[in-house]
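Using our numbering, the first residue of the sequence shown is number 1, and each one after it goes up by one.
One should not assume that every hint holds.
DSSO-like mimics (lysine-lysine), calculated; alpha carbons at most 30 Å apart, straight line [to be verified]:
hint	residue 1	residue 2
1	Lys-423	Lys-375
2	Lys-305	Lys-250
3	Lys-92	Lys-482
4	Lys-423	Lys-234
5	Lys-250	Lys-375
6	Lys-35	Lys-127
7	Lys-375	Lys-236
8	Lys-427	Lys-482
9	Lys-305	Lys-61
10	Lys-61	Lys-92
11	Lys-250	Lys-35
Bear in mind the hints are in silico, worked out from the structure with no lab data behind them.
Values in this document were obtained by computation on a predicted structure and should not be read as measured data.
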Amino acid sequence: MTGLDALRSPLSFLESRLQDIPHGDVLDAEEGWWKSEGVAISNAIDRAGTPWLLMFNRPGKRVDQILYPREYQAILRRGYRSGVVWRALEEKSLIPTYLLMYNISFHDPGICCPYTVSLGTAVSLAKYGSAALQLRFLPELLRKDDSVWQGATWMTEIKGGSDLGAAVETIARPAGDCWLLTGDKYFASNASAELAVVAARPEGAVAGVRGLALFLVPRYRHDGELNYFIRRLKDKIATRSVPTGEVELKESEGYLLGSAESGIYLILEVLNLSRVANSVVSVALAQRAMADALSYAEQRAAFGKRILDHPLLRHQFENRLTALRSAFALAWDAVQLLNDVWMERLPYSYRYHLFRLVAHLAKYWTAEFAVETAKWAMEVHGGLGGLAEYGAERWLREAMILAIWEGTSHRQILDGLEVMERKGAHKMLFRRLAETASAKELRDMESEVEQHLKLPREEREALAEPLFRRLAILTAETLARKSG
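Given only the sequences and the hints, what does the whole structure look like? Please build it.
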């Protein structure tokens, strides 16, 4: 099999890049099912657009049910049964989870959002929930059949998601053995989840991010009534396989996770799980866009031969395959580092801060690469790339969402600068890369970073993107060489 041939299958590509792939039989079965059944369902859901919100039943009771076609549940539940959430906690490893996400998102990037936020909910509950909370709710999230519960992570409000300290206006006040939360969540992915972890400010807490806490909010109150309400669903350009809505919290029952004083750190732990997932999904999407482009280029003839046989396009495919391998190496390094530190609690280790830097680099660069690759793949299709019925345009729509999810490129760059400035995470990164990178290349990059961190704050921020981009590419290419 040539390098380009590996593009056709997510499992084949994984096997070409990784030495050890646990549960390969599960991945193989997933891929086979997607090819035979899942792809057609996914395409239909994407073309159908926004699902329906049934707010009231016939007797007039508020029910807030999101209505997808029955086939959607076949896609969704299959991933849960295969272990995209339960394996992480049962096997005490995130590797099987992210392998499954890569395999699945090659076919449907959006479906990995419910899996990711369910994972974030389960991990937060397992780490920081009381024994009583865990006994009550955790088994529901870890079921291995179609009765499994879903989770959600709701942070963003109408003022935005990046500046949580200023944007979060949801208030929580103590009420016996629970808290009552009041506020609105503006981008609530997986809006009909049975459980959600929610950012809110305890009544009387200090302003800014230090005053935020993380709460577990069930879909139903202790008396069986709805605990939160879905105002409407978002009409999105892509990721239509996850329902995103606006959620109203009206004295909704919630349970504090961890301590209120450390809430922002718990919130960031949830985001870290999602940012790594976003990186993995971005690379899988880029592979899918390239695979579709390859299939077309092998069939399309122009000027007397297949367009794949024209030197310029062949060279572009080969260069982009090299870049794909680098992007994967960066994303998978973030996976492996997270797998080392995901159960850490405050105070975090130095290795945790190294993970933070690599996660920001990976989230930033893989999303940018996915957008660039999806655009290029559309161009390979020529005019057909702009027609919805052939699917190439879908990957660009999906990629544009991935560039925004879990913090835009601006947020990744600025947070990456912060962890370099405050924690010196770049120094540990350079030590890790020293075995493989060119000594001169590494010295030059380290010198550039150190000089940049000495700039006045406004200038340091204004000029940050070219530096961060070069650091991400250097890291990705070095890691790819190391993996062979």
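Review point. Can you give the numbers of the hints that this structure goes against, from lowest to highest?
Key: 1, 2, 4, 5, 6, 9, 10, 11
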